[in-house]
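If you read the protein sequences in the order shown, they are chains A and B. Taking the numbering used here, I'd label the letters of the first sequence as residues 1 to 50. Taking the numbering used here, I'd label the letters of the second sequence as residues 51 to 452.
One or more hints might be untrue.
Some chain B residues close to chain A (C-beta under 8 Å, calculated; not the full set) [unchecked claim]:
no. : residue
1   : Pro-199
2   : Lys-284
3   : Ile-291
Capping the alpha-carbon separation at 27 Å, the derived lysine-lysine pairs in DSS-like fashion look like this [what the hints assert, rightly or not]:
no. : chain 1 : residue 1 : chain 2 : residue 2
4   : A       : Lys-28    : B       : Lys-320
5   : B       : Lys-390   : B       : Lys-412
6   : B       : Lys-357   : B       : Lys-71
7   : B       : Lys-389   : B       : Lys-408
8   : B       : Lys-234   : A       : Lys-4
9   : A       : Lys-28    : B       : Lys-385
10  : A       : Lys-28    : B       : Lys-390
11  : A       : Lys-4     : B       : Lys-357
12  : B       : Lys-265   : B       : Lys-408
13  : B       : Lys-389   : B       : Lys-260
14  : B       : Lys-388   : B       : Lys-266
15  : B       : Lys-388   : A       : Lys-28
16  : A       : Lys-28    : B       : Lys-389
17  : B       : Lys-266   : B       : Lys-408
18  : B       : Lys-412   : B       : Lys-389
19  : B       : Lys-412   : B       : Lys-385
20  : B       : Lys-357   : B       : Lys-234
21  : B       : Lys-388   : B       : Lys-408
22  : B       : Lys-234   : B       : Lys-71
The set of hints was computed from the structure by calculation and includes no laboratory data. Only a predicted model underlies this, so the values are computations on that prediction, with no experimental measurement involved. Where is the CB? At the ideal position from N, CA and C, for every residue including glycine.
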Amino acid sequence: MVTKAIVFAAAAYGIALVVALFVAAIIKLIFFAVNLRGGGGSKTRPVQKA
Amino acid sequence: MDFSIWDLFQGLYTFTLEEPKVAAVRFLLITLGFLFIYLGYRKILDPLLMIPMAIGMIGVNAGVLILDAGEAGNLFVNPLVSDQGQLLDALQINFLQPIFNFTFSNGLIACLVFMGIGAITDLDYLLARPMMSMMIALAAELGTILTLPIGVAAGLTINEAASIALVGGADGPMVLYGSLKLAKDLFVPITVVAYLYLSLCYAGYPYLIKLMIPKKLRGIPMDPFAIPEVSAGKKFAFAVIAMGILSLLFPVAAPLFASFFLGVAVKELKLTRFQEFLSGPLLYGSTLFLGLVLGALLSADVILDSKVLLLLGLGVLALLLSGIGGLIGGLIYYKLSKKKVNPLIGIAGVSCLPTTAKVAQKCAAEANVFAMILPYAMGPCVAGVITTAIITGIYVGGIPHL
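So here's chain A without its partners, still in its complex pose (with noise of 0.2 Å):
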């Protein structure tokens, strides 16, 4: 049993790596998609003077 949940565990951990990739290219994606379109474009906050 303890095989199987090294294996499973193992597995898991592969799905989610795959998964958290997919949607940080989600959210590449979404910010190509509104940039092409030429809105809501990301911008560098201004800077505070002291």
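Fit chain B to the given chain A structure using the hints.
For chain B alone, coordinates are given in the frame of chain A:
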């Protein structure tokens, strides 16, 4: 007239009727309740959760009386009742029974808390640096992954081990949801252990940080104004798309995803009335009843389960391993960024939104008063909620088929 003075003071009388072991544990839980109230009052433990939980603990263990059937019981809640007739009676007698049956046993309370958390979550840095945030958060799931086989090796079933391993994700609602789905018999001690340790994170993690990260690295400053501003439209688009895709991938965790991203969507769409409701009355009302019902479920017979001691140990181990994993992730990004990233943001990947991000900021400021890393730490912290929900989905969906 068959009347004894003890009929008036049944809370005390029942101590003499019970087995010495049960009576001793009841007394211990009442004392522990007072200790939690003191620690909550002194803000050593999170008072928002600990005060209602401790009140519930004291009430249910002190307020034991002789019921009609001649057995000892209480008027708070009976989690073991399953027969329909008995359930109907319990719903009319026990004052917390409706909350338990209609919000706990179906995971609703976890979803309500998640809606509130979503409504106060700032996605800016996650969206500005998605890859780094997600990878650090994944590194900080080390405890969630390793505690599963360790728990099985220690004698738990794989369902129970997975439930306690979720403590490593440091999200109370997720542990509650996962343990209800995987190990219903042990969900009370597992959830109590989780919330107890999560409220200790703020005090405990700084020691781990000081042990693993040299002071020079802890004080690395990061420019908070260099974070790109992300429009509300992008955050809203991410919330709805991510909710749809993650629900498609992990239907068992779809209620959690829907609840969290509903809160985010409401915030980003600036539906002010809804946001005020979710982040105020709903979040705090749910937290109040979550604590109260958890405390009321913590009766002597629950604690006498031989597995509780093991759960206490595995809970600490899960959080410790996740903290180590997160800090290793932070150190890797420190190297990859050519020493520009403060490795402390790794601890924020453990999640426990927003406690670990605050821990990172606190430790950075102790090493260098000009180090402002909180906005950066919020990225992995929010990503940690998503990675924990993903792993919860994999555990809840996959383990019953093993």
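Consistency of the hints with the structure:
1. Pro-199: holds, 4 Å
2. Lys-284: With a minimum Cβ separation of about 6 Å from chain A (threshold 8 Å), the hint on B/Lys-284 holds.
3. Ile-291: holds, 6 Å
4. A/Lys-28 x B/Lys-320: Answer holds: A/Lys-28 to B/Lys-320 is near 23 Å, not above 27 Å.
5. B/Lys-390 x B/Lys-412: With a Cα-Cα distance of about 19 Å, the restraint between B/Lys-390 and B/Lys-412 holds, given a limit of 27 Å.
6. B/Lys-357 x B/Lys-71: holds, 16 Å
7. B/Lys-389 x B/Lys-408: holds, 22 Å
8. B/Lys-234 x A/Lys-4: Holds. B/Lys-234 to A/Lys-4 sits at ~22 Å (cutoff 27 Å).
9. A/Lys-28 x B/Lys-385: Holds: A/Lys-28 and B/Lys-385 sit about 23 Å apart, inside 27 Å.
10. A/Lys-28 x B/Lys-390: Judged against 27 Å, a Cα distance of about 22 Å means the pair holds.
11. A/Lys-4 x B/Lys-357: Given pair A/Lys-4, B/Lys-357 holds - Cα atoms ~21 Å apart, limit 27 Å.
12. B/Lys-265 x B/Lys-408: Judged against 27 Å, a Cα distance of about 17 Å means the pair holds.
13. B/Lys-389 x B/Lys-260: holds, 18 Å
14. B/Lys-388 x B/Lys-266: Holds, because 15 Å separates the two Cα atoms, which is no more than 27 Å.
15. B/Lys-388 x A/Lys-28: holds, 23 Å
16. A/Lys-28 x B/Lys-389: holds, 25 Å
17. B/Lys-266 x B/Lys-408: holds, 19 Å
18. B/Lys-412 x B/Lys-389: holds, 20 Å
19. B/Lys-412 x B/Lys-385: holds, 22 Å
20. B/Lys-357 x B/Lys-234: Cα-Cα ~14 Å, so holds.
21. B/Lys-388 x B/Lys-408: holds, 24 Å
22. B/Lys-234 x B/Lys-71: Satisfied, since the Cα-Cα distance of roughly 25 Å is no more than 27 Å.
Checked against the numbered hints above, the structure breaks none of them.
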